[in-house]
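Knowing the structure of chain A, use the given hints to seat chain B with the ligands on it.
Chains as they are written, first to last, in the working numbering: chain A, 13 to 269; chain B, 966 to 1447.
Source of the hints: derived by calculation from the structure; they are not laboratory data. It cannot be assumed that every hint is accurate.
[Unchecked claim] Cut-off 25 Å, straight-line C-alpha distance, at most; resulting in silico cross-link-like pairs (SDA-like, lysine to any residue):
| hint | chain 1 | residue 1 | chain 2 | residue 2 |
| --- | --- | --- | --- | --- |
| 1 | B | Lys1424 | B | Ala1439 |
| 2 | A | Lys124 | B | Leu1072 |
| 3 | A | Lys116 | B | Ala1439 |
| 4 | A | Lys181 | B | Asp1409 |
| 5 | B | Lys1420 | A | Gly161 |
| 6 | A | Lys155 | B | Val1325 |
| 7 | A | Lys255 | A | Tyr226 |
| 8 | B | Lys1246 | B | Leu1215 |
| 9 | A | Lys116 | A | Ala157 |
| 10 | B | Lys1391 | A | Ala157 |
| 11 | B | Lys1391 | A | Gln101 |
| 12 | B | Lys1436 | A | Glu128 |
| 13 | B | Lys1436 | A | Thr112 |
| 14 | A | Lys116 | B | Ile1080 |
| 15 | B | Lys1424 | A | Gly161 |
| 16 | B | Lys1365 | A | Asp67 |
| 17 | A | Lys145 | A | Ile194 |
| 18 | A | Lys155 | B | Glu1429 |
| 19 | B | Lys1391 | A | Val104 |
Note that the structure is predicted; figures quoted are calculated from it, not measured.
One letter stands for each residue in the lines below.
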Amino acid sequence: MTTPLIEIKNLHANIDGQEILRGLDLTINPGEVHSIMGPNGSGKSTLAQVLAGRDAFEVTEGEIIYEGKDLLDMDPDERACEGVFLAFQYPVEIPGVRTTQFLKAAINAVRKHRGEDEIDALDAVKLFREKMKLVDMDESLLKRAVNEGFSGGEKKRHEIFQMAVLEPKLCILDETDSGLDIDALRIVADGVNAMRSKDRSFLLITHYQRLLDYIVPDFVHVLVNGRIVQSGDKGLALELEKKGYSWVEKEPAAATA
Amino acid sequence: MTTATEQTINEFTGKGYKHGFVTEIESDSLPPGLNEDVIRFISEKKKEPDWMLEWRLKAYRDWLEMEMPDWQNVNFHPIDFQKIIYYSAPKKKPQLDSLDEVDPELLRTYEKLGIPLEEQKMLTGVAVDAVFDSVSVATTFKEKLAEAGVIFCPMSEALQKHPDLVKKYIGSVVPTNDNYFAALNSAVFSDGSFVYIPKGVTCPMELSTYFRINAMNTGQFERTLIIAAEGASVSYLEGCTAPMRDENQLHAAVVELVALDDAHIKYSTIQNWYPGDENGKGGIYNFVTKRGDCRGDRSHISWTQVETGSAVTWKYPSCVLKGDDSIGEFYSVALTNNRQQADTGTKMIHIGKNTRSYIVSKGISAGFSDNTYRGQVKVLKNASNARNYTQCDSLLMGDKCGAHTFPYIEVGNSTSQVEHEATTSKIGEDQIFYCTQRGISEEDAVSLIVNGFCKEVLKELPMEFAVEADKLLAISLEGSVG
Ligand SMILES: Nc1ncnc2c1ncn2[C@@H]1O[C@H](COP(=O)(O)OP(=O)(O)O)[C@@H](O)[C@H]1O
Ligand SMILES: [Mg+2]
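Okay, chain A solo, but in the shape it has when bound (with noise of 0.2 Å):
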């Protein structure tokens, strides 16, 4: 039997005093693409940051077990240097900071933390133009700041790049294919499916079905009202798009496949 990378179990939290996921369970095992679905507002956002460690959420309940430790004992920080990535849904800009020089920062403090040296500057630029093109991206957007300015395609393109640069062990991409056209929806799932590998594990969140003909899911979870209602596999995604989420939002709770 696997060790699962990551086991959620009855996970509650809260923002300003109002409770936001109410008892989510979610087991991810390496190499494994799960898909979570949900309409607007049920929580598919607040589980990615809880996950990522956003202190503005607080955990009232429950355990998250990362590779065998308490992730909610860990900062940020140290979770994005123990392999947790959030694609974030809203990216934010950081001006004047250099997308190379922001890059390089991270680079370097996920290697501090596995005891490895700093890159140099030449491998990090082989490295990023070895990333770029794994998403089509414009070489032009390095020399920029942070997200500043880019359009929204841009700016999805830009977090999976980081994604392949930082080479995380969970992936989780909040809503990267909304607001993106059909041919870059297709570009950045086949950067995503480029990285799919034995050992690395996707959480993908997203609202529409969408995104699943491109990126196939092993399993696909339904989210409503913070807690997981129905999971299954790829066919679940098809029956949502085709009935829509009231018919999930109808069905008694924690009918978990």
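Positioned in the frame of chain A, the structure of chain B with the ligands alone reads:
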């Protein structure tokens, strides 16, 4: 190289300077207090010409008639001017045998700033290795400048060797009675730098970058005068990133810059005097008058400052744009933490035609500090087509600190254009999270974001100092998040 430096080097190496440089080591000091005899004593000790003594005395008499200004947005204890010692022999620091004897906290900061070992020793008064041949470095430096015809020496030396030049320019930019602290400085100034760049000469090196230790010997009432003749250009750097402790609480310097036709002066400052402890105890009062006179047509003066130290800072490096087509620039980063208070900004006075000024001010406040930008842009009647652009941004860290902006704009000419933009923002929790999610520590994230915020100013600094300034900002912000 200034005598101050050579003197220090000599002290360190125990060698006399062999190129005929005479530095008298005075042995006596005056008791605290200020009166005309004290000024006579200072002038005499420095073997100044008679006119200089008269000049000092006039300044002193003006000062007696003046009152301490109170319009700044800062609070501090009253200063007792009779308790200050206005003349004392250069102090020799106790010589240490190795860095092991130095305060480890200080060394930790030097290390973070990336200051080389040998330089750390010089800064802390540890005997320097013979391998580090400072004397020969200083000599090469001096020879190179002399070849170019550049004069770069202590003010006291200039008064003896180039009295006519000093007489012609000193007080011509900042008159002795300009303000309370300028008058005091004129009366009692101890020393400072004198720079003269002759016609058409581009100074072959960044001035004052070699030995930061320079700055340590300049004293409490520093006086600097820089003249760039027609077509000359020079870049001067004052101060250093290493933290500077000093038992003198009041620092009241005067800096005058004169740019003739087509001349260019770039003056950069890094100010890191002791800011006091977290509760605001101790710390330097830094009350400085800095002014540049764009006297010639097409002249250009640019001020860049990174202010992170001092308990109370009060300074407005200014440009008087007299020459037609002259340009004045002011780039500033002022960072305050804990209980620090800074009231800083600039004045741009447009007198000539087609004059242009450009102001970029970045204020960062953390802890319980207060950070004020105060800027004046004045366009006189004949300054047709004058242009000013001011951008003034404040970044707040936490909610116990303050940021204030006071722009004063007076336009007396209808063909001129003055633009002012100001923003105030809080350091974004979402920006910090974005960085930490990529593995960057919270502390590094803050310094990355602050560095980005200050980018437009930091890029104006000489290269080697830009890197240090970046680290300095990070160190100054330590403990301000989390
Ligand atoms: N910062 C916040 N402050 C207050 N409420 C929030 C915040 N972020 C999210 N919420 C609320 O939490 C609920 C879940 O939001 P979210 O996790 O973003 O949903 P989804 O990503 O599934 O659309 C929503 O009702 C939303 O309004
Ligand atoms: Mg969302």
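Out of the numbered hints, which ones does the structure contradict? none
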